[in-house]
Amino acid sequence: MIDTVNDDHKQASNWVVANLIKDRVAGTGRIYKIKHIKEDVRKEFGVNISYDKAHRARELASAIVRGRPEDSYMHLHAYNEAIKIENPCAIFHIETEGSLNFKYLFMALGASIRGFQPITRRVIMVDGTHLKGKFRGVILIGVAMDGNNQIYPLAFGIVDNESDASWKWFMKNLKDMIGHPPELVFISDRHDATYVYRKSQFTYYWNQILSVGSGSLAKYLQEIGVERWARCYQVGRRYENMTTNSAESFEKSHRYTVKSVDWCMFHVEDGGLDGKADLNARTCTCMEFQYMGIPCSHAIAVARHKNINCHTLIDPCYSVDSLIGAYAEPILPVGHMSEWKRPVDYQPIPIQPPELVKHAGRRRTQQITSTGERRVVNKCS
Numbered sequence: 007m008i009d010t011v012n013d014d015h016k017q018a019s020n021w022v023v024a025n026l027i028k029d030r031v032a033g034t035g036r037i038y039k040i041k042h043i044k045e046d047v048r049k050e051f052g053v054n055i056s057y058d059k060a061h062r063a064r065e066l067a068s069a070i071v072r073g074r075p076e077d078s079y080m081h082l083h084a085y086n087e088a089i090k091i092e093n094p095c096a097i098f099h100i101e102t103e104g105s106l107n108f109k110y111l112f113m114a115l116g117a118s119i120r121g122f123q124p125i126t127r128r129v130i131m132v133d134g135t136h137l138k139g140k141f142r143g144v145i146l147i148g149v150a151m152d153g154n155n156q157i158y159p160l161a162f163g164i165v166d167n168e169s170d171a172s173w174k175w176f177m178k179n180l181k182d183m184i185g186h187p188p189e190l191v192f193i194s195d196r197h198d199a200t201y202v203y204r205k206s207q208f209t210y211y212w213n214q215i216l217s218v219g220s221g222s223l224a225k226y227l228q229e230i231g232v233e234r235w236a237r238c239y240q241v242g243r244r245y246e247n248m249t250t251n252s253a254e255s256f257e258k259s260h261r262y263t264v265k266s267v268d269w270c271m272f273h274v275e276d277g278g279l280d281g282k283a284d285l286n287a288r289t290c291t292c293m294e295f296q297y298m299g300i301p302c303s304h305a306i307a308v309a310r311h312k313n314i315n316c317h318t319l320i321d322p323c324y325s326v327d328s329l330i331g332a333y334a335e336p337i338l339p340v341g342h343m344s345e346w347k348r349p350v351d352y353q354p355i356p357i358q359p360p361e362l363v364k365h366a367g368r369r370r371t372q373q374i375t376s377t378g379e380r381r382v383v384n385k386c387s
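Numbering (my numbering), first residue to last: 7 to 387.
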């Protein structure tokens, strides 16, 4: 008879391995992968563990360090109260269903709400991405852009999935939060037809939309009104910070010919569709000046012709005062759970986790990009 030896020692239980690797799971660096757990246990302790044991040990270690996801839902109401006490005027809405099962969450901090007022760029970008935790879900976010082209967070939402109902709930809370500022514009994932400034260019891309499917998409876009999503028909300012290239505009302006129409209106010949720039109204027929809040190449050519400093034509949203006003108030952390402050009449509400729905197949590891979304590839210099 031949004796067999099992390298996966029975004393190396899931709990033992979890306590050995918990410090590495708590790290903020690389993700501690299963193959690395197996390799580290083999090198340091001379024990070969199975993939399943390494996986279960990592789950236990994560629970030791961060707590169980199920327990986190139980503390949501207390966290809500702590947030509101540390950050006055914060908005924190929780919606449940059934036996107090979590459904939706909306959160916005008071400092962000008040800081949005000095930002005169009335543009809010909304998007969502899938969560990878045990209960999955989707995080929705609404952000603005400050005068330094930095992302300014406004509100966050946690929902079960990206559906009409969840988006409607999130947008309603967002609307209640910001009120009705003039010329407010929302931006989400868009088609090329939304980005062009001239109506002639819009027509080209609109014809492409008409050719898609049975025409139901074009019918829907017409019903909601093109002024709600197309830049060339937009009433408010869009401030296209991601496509603005001031250096390119300055370079182009050198080659333009400027002719006066009246004391404030000028015709600028650019070798193409030309443009009529009005420095007093801060508009141009190319539409870039009024939508970006930054002088277009035609306006720059006129400013050079009239010996006017181009910086005086830039929208106040890009000023230092606007930037300082946006970050004037601090956002205070709530600290450890044992230190959370609660109202005198606080009554705990034991919120339960959402119903766990198991999906067929393996989990997707890569995000599906939205239409028109481009992957940014960074290279080390």
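FYI, nobody ran anything at the bench for these hints, they're computed from the structure. Heads up, some of the hints might be wrong.
Stated by the list, open to error - With a Cα cut of at most 27 Å, we get these calculated DSS-like pairs of lysine-lysine:
| no. | residue 1 | residue 2 |
| --- | --- | --- |
| 1 | Lys44 | Lys90 |
| 2 | Lys265 | Lys312 |
| 3 | Lys44 | Lys140 |
| 4 | Lys109 | Lys181 |
| 5 | Lys39 | Lys49 |
| 6 | Lys138 | Lys44 |
| 7 | Lys28 | Lys90 |
| 8 | Lys178 | Lys90 |
| 9 | Lys138 | Lys109 |
| 10 | Lys28 | Lys39 |
| 11 | Lys28 | Lys44 |
Okay, the hints, checked on the actual structure:
{"no.": "1", "hint": "Lys44 x Lys90", "result": "violated, 44 Å"}
{"no.": "2", "hint": "Lys265 x Lys312", "result": "holds, 11 Å"}
{"no.": "3", "hint": "Lys44 x Lys140", "result": "holds, 23 Å"}
{"no.": "4", "hint": "Lys109 x Lys181", "result": "holds, 20 Å"}
{"no.": "5", "hint": "Lys39 x Lys49", "result": "holds, 16 Å"}
{"no.": "6", "hint": "Lys138 x Lys44", "result": "holds, 23 Å"}
{"no.": "7", "hint": "Lys28 x Lys90", "result": "violated, 33 Å"}
{"no.": "8", "hint": "Lys178 x Lys90", "result": "holds, 20 Å"}
{"no.": "9", "hint": "Lys138 x Lys109", "result": "holds, 17 Å"}
{"no.": "10", "hint": "Lys28 x Lys39", "result": "holds, 13 Å"}
{"no.": "11", "hint": "Lys28 x Lys44", "result": "holds, 14 Å"}
In the structure shown, a violation is registered for the earlier hints numbered 1 and 7, in ascending order.
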